[in-house]
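Student: Working from the sequences, and respecting the hints, build out all of it.
Heads up: the sequence lines are chains A and B, in that order. Its first residue numbered 64, the first sequence is counted upward by one per residue in this note's numbering. Its first residue numbered 64, the second sequence is counted upward by one per residue in this note's numbering.
Calculated directly from the structure, the hints in this document are not laboratory data. Among the clues, some could well be false.
No distinction is drawn between identical chains; accordingly, a pair holds when it is met within one copy or between any pair of copies.
Capping the alpha-carbon separation at 25 Å, the derived lysine-lysine pairs in BS3-like fashion look like this [as the list claims (entries may be wrong)]: (1) Lys472 / Lys284; (2) Lys542 / Lys584; (3) Lys284 / Lys338; (4) Lys278 / Lys436.
There are 2 protein chains.
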Amino acid sequence: MKSKTLRIIPLGGLGEVGKNMTVYEYDDKILIVDAGMMFPDNDMIGIDYIIPDFEYVKQRANKVVGVVVTHGHEDHTGAIGHLLESVDAPVYATPLTLGLIQAKLNRRGFNKKSRLVTVHAGESVQIGPFKVDFFHVCHSVPDGVGLGIETPAGLVVHTGDYKFDHTPVDNWPTDYAKLAEFARKGVLALLADSTNAERPGWTPSERVIDAALDKVFQQAKGRIIVATFASLISRMQQVVDVAARYNRKVAFVGLSLTENIRIAQELGYIKLDEKMIVSQDVALTMPESKVVLLVTGSQGEPTSILGRLANGTNRRFEIKAGDTVVLSSHPIPGNEELVYHAINSLMEQGAEVIYEAIAPVHVSGHASQEEMKLLLHLTRPRYLIPVHGELRMLKQHRRLGLDVGMDEKQIAMVENGRVIEFTHGEMKLGERIPGGYVFVDGTGVGDVDASTMREREEIGQDGIVLLNMEVDRKTGSLKDFEIISRGFMTPEESESLFTEMRRRAKKMIDHNAGNMQGEIKKLAQSMIFEETKRKPMVFTTITRN
Amino acid sequence: MKSKTLRIIPLGGLGEVGKNMTVYEYDDKILIVDAGMMFPDNDMIGIDYIIPDFEYVKQRANKVVGVVVTHGHEDHTGAIGHLLESVDAPVYATPLTLGLIQAKLNRRGFNKKSRLVTVHAGESVQIGPFKVDFFHVCHSVPDGVGLGIETPAGLVVHTGDYKFDHTPVDNWPTDYAKLAEFARKGVLALLADSTNAERPGWTPSERVIDAALDKVFQQAKGRIIVATFASLISRMQQVVDVAARYNRKVAFVGLSLTENIRIAQELGYIKLDEKMIVSQDVALTMPESKVVLLVTGSQGEPTSILGRLANGTNRRFEIKAGDTVVLSSHPIPGNEELVYHAINSLMEQGAEVIYEAIAPVHVSGHASQEEMKLLLHLTRPRYLIPVHGELRMLKQHRRLGLDVGMDEKQIAMVENGRVIEFTHGEMKLGERIPGGYVFVDGTGVGDVDASTMREREEIGQDGIVLLNMEVDRKTGSLKDFEIISRGFMTPEESESLFTEMRRRAKKMIDHNAGNMQGEIKKLAQSMIFEETKRKPMVFTTITRN
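Tutor: Laid out in structure tokens, this is it:
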């Protein structure tokens, strides 16, 4: 068989390469791996979330033979609903991943259930020209898989998010045997997770959390409130198990968390003794030493249960002295301030707060440097393409490749949209397709762009001042001068400035018949700048009647 | 002598207790320790910086006998200029600290040089009823001191920012002997730095940076650009020393950095061989392997040299392939995104970037847990008041106190503005004075408050829409309808919405003689929300002529 060209294009990712979506192209067919969402940076004001730019696959929608999803996290699944609006292709995923996707698609009114195809780790499926081997990987959500993607051009191993946990909570380690089998067949290229490439050593096993939780439960006298990611099913299993040991009932609080638990339970990914579980209402009437509340909001998000508890705006219950709050999570970069504010505020309300810095109540779901080297030795790829990371992490991943003996030419550092081509076993970097990402704000997809964002920043910076003037058509004198400001300064402080502005504007207008709109605006801007060194946006209207 | 009451009030600090200012009161006299500035959180839009609320000392200005400053960092000195505008008292500090303060005061036009009093570590000065012992501490700026503050009510040890470095760059360790001497006299209370209370072990010595820098210089082929805090004089000494070993000349770039170097050099706190130093202009013409550029901007601030190099907006020179950039700093919480963006962007431009995660090119200037315990053993205070930290850190500091055998009653957890009273050697928590902090924006101090900030956030969130309508007075029909939007959505996307809005507004107005301003606003808001699920601020004017 003639070896045609395999093209791989990492897409999505806000500064992270190939984090949220990757396109595989062979023989004029397209396989999409993952379609996730990103969360906005602090300076992306008012944006709900961000999705990859689908333009490239939209234009080739009829060539897409399938969408394969590695695991059930939002940054790998959150844009599937948007994608399916322009690409009608079957979605392949393991039972839990598919369950989580389906719940989200249902909320969007998607009803083509027939397009959702269940696969199991260990299986292999032919999707167009792509033979996809699904192999189990450990991560912070159960049922994650990596992919062996085989075409006549060669075998590519795509890890997705992974770690090598020898003692995972579900006793299901990463599939070493399959990785070794790939090596035996010969791996053309490895696309591997770089998230923790800056972290030396080996990521601790999820199992270490048991001991930390046990200590918390042993010492807590009052209620225990545990906040974690809604998708961290194994963490919830751990909390339920330790609660059983200490004779506490568990209540799940929060919509996403409750729904995820229901799905995981139906599919057998979490084992709950029904006698252990109580509703939030029941939990709140029980003796405090007998309950655990599992809640969302481990990132301190103001709208989450934990965020509302921190801000004192939760309706159903409040923090009280004697509560123990466990943040079983790590702040996502950019969220540090929010998380620390929440911790301080919970403490102020009298809670004992246990978090990563003071007890090992969280571990990362991503491989560290020694695991990344192990992966390289297990798979022995001809080429390494570090993905899932910012440039600084990809560079460290590259260094690890060199450390284990790879050659510089064997490692490709790419950016999103860069086409990586494999022909006759040789890698070549091709053109860069326009890509990037698209803002989602409210129901709008892509109607807010970087220039809108700059305007939002600008009006937010020093506020706005509106000057509405009415001039008497006959006498030419200023009849009315309304000044409205928002976000400029306190009314008490602006009063004298605005009074003087009215006085000087009146003088200017009363003696002039022309259209004074531009002059008045300039006058206002210069008076404001002189007085405050600020530049609020100024808008003026002048009407004559 | 009758033992009167000593009152201590921690002030300033954005979520951090007593970080920027502390008030000591005895016998109706007031001693102020430090007056620093804070940097705004990410959600404090448009704010330049923040200063402590001086109201309490302003109202008692005639009672203030002195201002004592522990070291030359902005968060301890940055508000002195503001303070001296309402409090005319002498300022006591060590030579370098006073030099740095004076440079800043000169820029504000302050000219009462006679009010600035130089003291040296090891000296003791009677300031009103307060006998102040200045003792040397190691920190990330030279010439830092802690204070022994003695009144008839007892001796209080106030550490300021400190660490126990056995091998500091200037070979001047923290004054253990003085601390032991305090213990012998009997320490009533210890106010100690809690910044690193969550960090186990012992903070590494500044000396470890030498080896890391040496390795960088050994490997670098092109230019070396080192970014650090402008006040980190000892770090600059280290860079100059290693540059000498590798036969490179050093250029200092950036106003604050150059000025600090000048002051430190004049006062003998940095030793520079003049032959080693070149101007920026000369450096840029020299062979790349022969120069080091020391620049500001280790926090990725967009207006700093490093920030501009990252963004490609630096005028005098640009990053080129082969440059090695060293970030000798740690991101201040909340700055992580900014710093990582800068690192990635420098890498994209071809620079090798060395930062904390991949080499020990920075160490903290604050004591870690073992040092904090050592301090407790050295001083053996009757009471511990953890300061300089968020509540989460104070709590950890408290735990360390308990660990070394203190009793719960011996440790006071306080918030800013809380009065701590000592009478006959007993501690009591008193009232809380209104305090907090004041925003500085442009030249305005305190004219922007939390509600202004909320308005800025609100207008920034979804933007603004201005509707200016002109109605024909005679016919009652809409003559003109101007729609202006900022930060709402892209013009292409809003066009059809605005066209429909004009159509429906015209219909409403043409058939109605009343004042339709409120109705039109409601119409616009509901049309916008229905179409976009967004709530920009809408302003309307209607004029009839």
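Student: So, for every hint listed, does it hold in this structure?
Tutor: Do the hints match the structure? See the list:
no. : hint            : in the structure
1   : Lys472 / Lys284 : between (60 Å within a copy, 21 Å between copies)
2   : Lys542 / Lys584 : both (18 Å within a copy, 24 Å between copies)
3   : Lys284 / Lys338 : within (22 Å within a copy, 68 Å between copies)
4   : Lys278 / Lys436 : between (34 Å within a copy, 24 Å between copies)
Consistency note: the structure conflicts with none of the earlier hints.
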